[in-house]
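A.B. asks: Sequence:
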Amino acid sequence: MKKVMLKTTLSLAVTLASTQIFASGFAINEQSISGMGTGFAGRSSSADDASTIFGNPAGMSRLKREQVTGGAAFLDAHTDISHASSSPNSGSNDGDMVPFIAVPMGYYVKPIDDHWAFGIGMYAPFGLVTDYENGFAGRYFGSKSEVKIVTLQPTVSYAFNDKVSIGFGPTINRIDGTLESNLSITQAAPDGKVKIKGDDTALGYNIGVLVQATDSTRVGLTYHSKVKYKLEGDTKVNYNVLGLVGQNPSQKYDASLDLTTPESVDFSVTHKLDDQWTLYAGSTWTRWSRLKEITVDNKGVPAILNGQFGTITEEQNWHDTWAHAIGASYQLNKQWVLRTGLSFDQAPTNNVDRSPRIPTGDRKIFSVGAGWSPTDDLTIDVAYSYLREESVKVTNSNDRGQNYNAKYENYANGFGVGATYRF
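In mature numbering (1 follows the signal peptide of the UniProt record, and there is no 0), the protein residues as written are -23 to -1, 1 to 400.
Worth flagging that the hints you see were computed from the coordinates, not collected in a lab. Check each hint, because a few of them may be wrong.
Said to hold, decoys possible - Computed cross-link-like contacts, BS3-like style, restricted to lysine-lysine with a CA-CA straight-line distance of at most 30 Å:
hint, residue 1, residue 2
1, LYS249, LYS41
2, LYS140, LYS249
3, LYS205, LYS140
4, LYS170, LYS121
5, LYS121, LYS341
6, LYS213, LYS276
7, LYS276, LYS370
8, LYS140, LYS311
9, LYS370, LYS121
10, LYS249, LYS87
11, LYS174, LYS205
12, LYS213, LYS172
13, LYS370, LYS172
14, LYS172, LYS249
15, LYS213, LYS174
16, LYS276, LYS249
What you are looking at is a predicted structure, and each value in this text was computed from that prediction instead of being measured.
Take the sequences, apply the hints, and build the full model.
C.D. replies: Laid out in structure tokens, this is it:
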């Protein structure tokens, strides 16, 4: 029972399936449509538009005109589940548990003078929506999840000269989540339901440095801080399957969960070969090893159940990851620029602790994109990315004798559209 509850109610913000997103763990990469076209190579050194607020806040110093950048990425993910087995309860393995979703973004930058610039951005750094079919064979280890983190980032940058600039922005981060799972004590009894809701607001910061090393080469370094959340909410448990005389059919407990989203460091280089070709390269390190375990505290649990539902800890044992990307852009003419990129991204999970909520492996991502500027004031960006992960195995069991084993193969298509208007 302990592990059943743990896998269902208490993994609110960390059991985030990454099959619908284009970054490792439960991070989201889609904060820039122009960057999406080059596979996010050059993320911290490009400074092509106002989305540099996220990529590198120091890049605002390169934007000489007041401007607004906005857009959305649309993610279409697919999962093939094979070689599946479950006991003692059987079920289906349809896969494709991630609905078609949109990830919006918006940024504003205003140069103050030759040195100072101000900006503000709103984007989604982490999140998921997963929804397995009714009767899913692994439903006791995860059936439905929805977690969203939205970040507001006011930002300033300062250019020391035409070579070096810095930027800083505090982040105000809001997390909301709902998670559901099935609960079963005996094979003969009907399934119960477990549902948890929680939310919190926490602060972090982003800081960056941008250096024009030569006339044709620019380098950038960006640090995204960790953010510490304390999610407060409630856990609802259907007691019908517990068979406890004198207990209500269902019960609600006050629940709290501490979660720290990891810091990351992004380094990239932008090199202009000539008037048409520009090359990009970058690497990102993320400290996923912070996620060793998760612990939830439930208050108001009856004494008979306190040992199982009071305080529960689950091992995660995630490890740090590296992501690498290369890309290029070609200025076809004054109006059109074409982009492409290739990314390689490690998964932080391991073969022992992987579950149906995080059935993720190392991935490769191919991207193409274009920018169209019908006037000097307006640029419209579009992008497409194709992601494929290595196949991984999920092996789960609990002390109620329930088991689920399967092979997962994940792939996804991403579509992005955005626009920048300069005043």
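A.B. asks: Give me the numbers of the hints this structure contradicts, sorted from smallest to largest.
C.D. replies: 3, 7, 14 and 16
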